[in-house]
Amino acid sequence: MPACDNSDVLARKQHIKYFQRFLNLLPRRLSSYDSTRLTIAFFAISGLDILNALDVLDEKKKRLIIDWIYRLQVVPDGSEPSWKRCGFQGSSTLIFPPDETKCSPLYECGHLAMTYTGLASLVILGDDLSRVYRAAIIEGVKALQQEDGSFCATLAGSESDMRFLYCAACICYILNDWSGMNIEKTMDYIVRSMSYDYGIAQAPELESHGGTTFCAVATLALMNQLNTCFTNKQLDGLRRWGLARQISGFQGRPNKPVDTCYSFWLGAVLKILGVFEMIDYQQNKNFILSTQDSIVGGLSKWVDTTPDPLHTYMGLCGLSLMKIEGLLEVHPALNVSQRAHQHLYKLHKVWENN
Amino acid sequence: MAEADSSSEELYDETNWVLYKYRVDWKDVTPVPQDDGPYPIVAIVYSEKFQDIYDYFRAVLKSSEKSERALQLTKDALDLNPANYTVWQYRREILKHLNKDLIPELQYVKEMIEDNPKNYQVWHHRRIIVEWLQDPAYELSLTETILSQDSKNYHAWQHRQWIIRTFKLFQNELQYVNQLLDEDVRNNSAWNQRYFVINNTTGFKPDVVQQELMFTLDKIKTVSNNESAWNYLRGVLLHHDGGISQDQNVRQVCEELYSSGNRSPFLLAFLVDMCEENMERDDGDKEESLRRALQLCDVLANEYDTIRREYWNYMARSLAQRMDCPEREATGSTKTD
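Chains C and E, in that order, give the protein sequences. In terms of full-length UniProt numbering, the numbers along the first sequence are unbroken and rise by one, the last being 354. In terms of full-length UniProt numbering, the numbers along the second sequence are unbroken and rise by one, the last being 337.
Among the hints, a few may not be true.
[To be verified] Quick list of in silico lysine to aspartate or glutamate cross-link-like pairs, EDC-like style, CA-CA up to 20 angstroms:
hint, chain 1, residue 1, chain 2, residue 2
1, C, 233, E, 48
2, C, 256, E, 273
3, C, 256, E, 184
4, C, 61, C, 8
5, E, 66, E, 36
6, E, 96, E, 135
7, E, 66, E, 28
8, C, 233, E, 273
9, C, 17, C, 293
10, C, 61, E, 144
11, C, 233, E, 144
12, C, 285, E, 36
13, E, 205, C, 205
14, E, 205, E, 241
15, E, 75, E, 93
16, E, 62, C, 77
17, C, 323, E, 310
18, C, 285, C, 352
19, E, 75, E, 25
20, C, 256, E, 183
21, C, 256, E, 182
22, E, 21, E, 68
23, E, 21, E, 52
24, C, 233, E, 68
25, E, 118, C, 77
26, E, 152, C, 205
27, C, 84, C, 177
28, E, 66, E, 25
29, E, 21, E, 48
30, C, 233, E, 280
31, E, 100, E, 135
32, E, 118, E, 144
33, E, 168, E, 144
34, C, 62, E, 36
35, C, 301, E, 276
36, E, 27, E, 93
37, E, 27, E, 52
38, C, 256, C, 280
39, E, 168, C, 308
40, C, 60, E, 52
It is worth saying that the hints were derived from the structure and are not from the lab. Computed from a predicted model, the values in this text were never measured in an experiment.
Please model the complete structure; the sequences and the hints are all you need to start from.
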C-alpha cells in the first residue's frame, strides 16, 4: 500500500455534507434539474444511507422529506382511466392546488424514473408505503409498456427504451406486483437488444452500453429470469464483455474513457452474474477515489471535473460493491442498500399476511 | 417583448429581458405560482426570470391556452430547462392546434439539439416532428453534424438508425461508416453501425461474410489492439458455419500476427477461444488445443492482460476441468444453445 495520502481515503464526512447540501438547496445554475428533483433527492438519501449516515437526518426531517415525496404522487380521482396517470412526478413544477385542477389531466402524470426513485427513497427512509396507491401505480406502469416490450417514461410524451423498462421492473418489485408488465414481452425486448458483442443496448440493433446492460441484467435479476432469458453462451459472452470494460475504473463502451458511474453499472452487472470477484479491486478503487473532491465533497465523472450527485452516488455504490469499510452494502439490482432492501422484504411479508 | 426571434444570447441578457408579469400583451393572464409545499426538499433558488416564466406556463396549462404567445412562452420555458418534457409535449399540442408550418420547427429543434446534444427530450421532439412531416430530408445531415463533434453520441446514432430503418435510407450508409472508420478505426459506434447496415441489407450471406472478414482483418492488421474490430470479427463469425476457428483467412492472419510477436490481448483471447472450439470438435487435437489454451491464459493473466488476471485463471481452470469431464458443461441453465 502506498503512503496514506488524502486521495487514498474516502472523504466520508465531506460526502455526507455534500448530500446534505443537495437535499436542502440548489443554486440557480442547476435549474435544469427542476423537473427531476426527486432523483436528486434519491441520490442524496440513498447516498447518505450507503455512507451509513442516514442518522444525520433526524426523525422530524425524515418525516418532512417523506411528506414532500408523497406530495409528488399523482393519485387516482376515482375514474378508472385516471389510474393510467398514476405514479410520482419529479417536482412540484406542474402540480396544481387540488380543488383548482382545471387543466387537462393529461399533464399531471407520473414518470417511471420518478416513481422508482420516489418509492425507493420512501423505503430507505423507513416508510411503510401505506400512503402509496399501489394498485393505481401498477396500472400506471402497465399503461406505459409498448408493443415491442419497452417502456415509455410517462403519458406526457416520452421516448421508450431500456432505462424505463428497468424503472418499471423496480416499481413492480418494490410493490411486489408483477401484473404491471407483460414479462414475455419484456424479456423479448431484452434478448433482442443484445448486440453481437454480447453487451446490451438501449434498443435492438443499437450499440451495447454499460448503463443499458445494467438496466437489462438488473431487470432480469429482479424478475428472477436471468437463466431463462439467455443461453449459457450468451451469459458467458456477457460476463466477458462486462469484465472487458475495466481499464482502471470502468468504461461504458469499448474504446471510450473510464467514468466513475460505470464502476457501479458494470460492477453491479458482474456481481449479478457472479464474477465480480474477478475484477481488479485496487485499480477500480484507485480510480473512483481519484475523482473525489476531498475538500467540498462529491465525486465526478472524470478526474479534475466538477462533482455531481449522480456520479457521487454511483461512485460510492461502486465502492460499496467492493465492501469498502464504512459503507453499507448495496443491493446490486435494486440499487439501494441491503439494509433498505431488508426493510422492503419485511413490508412484503406484512402485505402477504393481509 | 417584440424581438421574438432574438438569439438566445440576447434572451439571456437580463438587462433587456421584460418579465411576463410586466408585459402588456399578457395582462389578461393571472400567473399561477408554484406550490412547493410547506417544506421543499432539493429546493432550487430559481431566478426571478425562471419563476416568472413558469408561473405563466402553469397559467397557460391550466387554461389550456393554445396560441402564438403560448408557443413563444414554451420556447422561453425550454431555454431555461430543456429537460422539461411536459413543456415539450405542450408545445407539440400547440403546434398541432395552430396547424403550424413544421419546417421552422425543425430549424428550432436543430438549434436546441446543437446546444443540448445529450438531452433526451430534444431528440424525442425531433423524432415526433419528423414523424408528422414524414420527411427525412434533413436528418442524415443533422446527425452527421452532431457526430462530427462527438462521433459516439448515442442519441445521434439512435436517431440515425431510426431514420434509416423507417425511411429505408441504407443506400450510402456503408460509405459513411467507412469514412468514420478511416478517421478513427476504434470508433465502436461506427463498427456497430456497420453491423446494422449489413444485417438490414444483404444480410450475412456466405459471400458477404467473406467480404466482411477481409475488411475487418485488414483493419486488425493495421491496428491490432482494437477491441471494436475484434468484436466485429466475432460478430461476423456468428454467421459462419465453421464458428470462429475454421475460416482459413482468419486463422492465417491470427497465426501470422502471433508469429510476428504480436501480443495484443484481443488476439490472445481470440486464440484461446479458437482452441476452446477445437477442443470441442471431434476432429480436433484436444490435448494440443488445451495445452495451447492454458499457455495463452497464463500469459494473458500474468503479462498482457493482468487487470483480468482472475478471469484468465478462471478460464484456464474451467478449460482444464472440461477436458477431465466434458459432460459437466451447460449446468445451471435451463436453456441450451
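To see whether the hints hold, each was checked on the structure:
{"no.": "1", "hint": "233/C / 48/E", "in the structure": "violated, 58 angstroms"}
{"no.": "2", "hint": "256/C / 273/E", "in the structure": "violated, 25 angstroms"}
{"no.": "3", "hint": "256/C / 184/E", "in the structure": "holds, 12 angstroms"}
{"no.": "4", "hint": "61/C / 8/C", "in the structure": "violated, 33 angstroms"}
{"no.": "5", "hint": "66/E / 36/E", "in the structure": "violated, 26 angstroms"}
{"no.": "6", "hint": "96/E / 135/E", "in the structure": "holds, 17 angstroms"}
{"no.": "7", "hint": "66/E / 28/E", "in the structure": "holds, 15 angstroms"}
{"no.": "8", "hint": "233/C / 273/E", "in the structure": "holds, 12 angstroms"}
{"no.": "9", "hint": "17/C / 293/C", "in the structure": "holds, 12 angstroms"}
{"no.": "10", "hint": "61/C / 144/E", "in the structure": "violated, 50 angstroms"}
{"no.": "11", "hint": "233/C / 144/E", "in the structure": "violated, 36 angstroms"}
{"no.": "12", "hint": "285/C / 36/E", "in the structure": "violated, 40 angstroms"}
{"no.": "13", "hint": "205/E / 205/C", "in the structure": "holds, 18 angstroms"}
{"no.": "14", "hint": "205/E / 241/E", "in the structure": "holds, 11 angstroms"}
{"no.": "15", "hint": "75/E / 93/E", "in the structure": "holds, 13 angstroms"}
{"no.": "16", "hint": "62/E / 77/C", "in the structure": "holds, 18 angstroms"}
{"no.": "17", "hint": "323/C / 310/E", "in the structure": "holds, 18 angstroms"}
{"no.": "18", "hint": "285/C / 352/C", "in the structure": "violated, 41 angstroms"}
{"no.": "19", "hint": "75/E / 25/E", "in the structure": "holds, 17 angstroms"}
{"no.": "20", "hint": "256/C / 183/E", "in the structure": "holds, 16 angstroms"}
{"no.": "21", "hint": "256/C / 182/E", "in the structure": "holds, 18 angstroms"}
{"no.": "22", "hint": "21/E / 68/E", "in the structure": "holds, 17 angstroms"}
{"no.": "23", "hint": "21/E / 52/E", "in the structure": "holds, 7 angstroms"}
{"no.": "24", "hint": "233/C / 68/E", "in the structure": "violated, 58 angstroms"}
{"no.": "25", "hint": "118/E / 77/C", "in the structure": "violated, 36 angstroms"}
{"no.": "26", "hint": "152/E / 205/C", "in the structure": "holds, 15 angstroms"}
{"no.": "27", "hint": "84/C / 177/C", "in the structure": "holds, 16 angstroms"}
{"no.": "28", "hint": "66/E / 25/E", "in the structure": "holds, 15 angstroms"}
{"no.": "29", "hint": "21/E / 48/E", "in the structure": "holds, 11 angstroms"}
{"no.": "30", "hint": "233/C / 280/E", "in the structure": "holds, 14 angstroms"}
{"no.": "31", "hint": "100/E / 135/E", "in the structure": "holds, 16 angstroms"}
{"no.": "32", "hint": "118/E / 144/E", "in the structure": "holds, 15 angstroms"}
{"no.": "33", "hint": "168/E / 144/E", "in the structure": "holds, 17 angstroms"}
{"no.": "34", "hint": "62/C / 36/E", "in the structure": "holds, 17 angstroms"}
{"no.": "35", "hint": "301/C / 276/E", "in the structure": "violated, 38 angstroms"}
{"no.": "36", "hint": "27/E / 93/E", "in the structure": "violated, 24 angstroms"}
{"no.": "37", "hint": "27/E / 52/E", "in the structure": "holds, 13 angstroms"}
{"no.": "38", "hint": "256/C / 280/C", "in the structure": "holds, 19 angstroms"}
{"no.": "39", "hint": "168/E / 308/C", "in the structure": "violated, 41 angstroms"}
{"no.": "40", "hint": "60/C / 52/E", "in the structure": "violated, 32 angstroms"}
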